[in-house]
Amino acid sequence: MSKTGAIIIEAQDINTDIYREILRNLLSFNWCYTNNGLVSFMINGSHDYEQESVSNIEHILEKISNSVSGQMSTTIDLVYKESNLGIGLGFISSTRIFISIIDDVRMLPGLGIVDFSWYLINIKPLFELLKYYRVECIFD
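According to the numbering used here, the sequence shown is numbered sequentially starting from 26.
To be clear, the hints were calculated from the coordinates, so they are not data collected in a lab.
Each hint should be verified, as a subset may be incorrect.
As the list claims (entries may be wrong) - Each pair of labels, with its calculated beta carbon distance range: (1) Ile138 to Ile82: 18 to 24 Å; (2) Lys156 to Ser78: 34 to 40 Å; (3) Leu136 to Glu83: 38 to 44 Å; (4) Glu83 to Asp165: 33 to 39 Å; (5) Arg49 to Met97: 38 to 44 Å; (6) Ser142 to Lys106: 18 to 24 Å; (7) Ile138 to Asn55: 21 to 27 Å; (8) Glu35 to Ser78: 20 to 26 Å; (9) Glu75 to Lys156: 26 to 32 Å; (10) Phe164 to Glu87: 33 to 39 Å; (11) Asn69 to Leu133: 17 to 23 Å; (12) Glu161 to Glu87: 26 to 32 Å.
Said to hold, decoys possible - Computed list of lysine-lysine pairs in DSBU-like fashion (alpha-carbon distance at most 30 Å, straight line): (13) Lys88 to Lys156; (14) Lys28 to Lys106; (15) Lys106 to Lys156.
Just so it is clear, CB atoms sit at the ideal spot from N, CA and C, and this is done for glycine as well.
Let the sequences and hints guide you as you build the complete structure.
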């Protein structure tokens, strides 16, 4: 059975500018778009991921911005530098951000559950930009 986790953050006034600023801040905090040259993302409420070369990142970010400004669910995958630990940074609505914990999931030794403390520490720049009022960690 696969072990996965998610962090749901409820906040106020999440818009395109905030989403892009969160993304920029995470990139300066040891996250990157890819470790294989391809950026994975989902836009316009679709449940189908697209992949494009990281060399097209400005075009990808424009697509993502348009999807968020249209209030459509949107996700871009990020990888922690020099690892295979990944997250999906998801926009659900103007009040909800979703972090899906993907790829190699960091687990608490001996317990077999997601190490949420590591993920919360490493997405700290996200919290600094949001007026959040609820954070929920889900393990499945």
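Right, here's what the structure says about each hint:
no. : hint                         : in the structure
1   : Ile138 to Ile82: 18 to 24 Å  : violated (34 Å)
2   : Lys156 to Ser78: 34 to 40 Å  : holds (35 Å)
3   : Leu136 to Glu83: 38 to 44 Å  : holds (42 Å)
4   : Glu83 to Asp165: 33 to 39 Å  : holds (35 Å)
5   : Arg49 to Met97: 38 to 44 Å   : violated (21 Å)
6   : Ser142 to Lys106: 18 to 24 Å : holds (19 Å)
7   : Ile138 to Asn55: 21 to 27 Å  : holds (23 Å)
8   : Glu35 to Ser78: 20 to 26 Å   : violated (34 Å)
9   : Glu75 to Lys156: 26 to 32 Å  : holds (31 Å)
10  : Phe164 to Glu87: 33 to 39 Å  : holds (35 Å)
11  : Asn69 to Leu133: 17 to 23 Å  : violated (36 Å)
12  : Glu161 to Glu87: 26 to 32 Å  : holds (31 Å)
13  : Lys88 to Lys156              : holds (25 Å)
14  : Lys28 to Lys106              : holds (22 Å)
15  : Lys106 to Lys156             : holds (27 Å)
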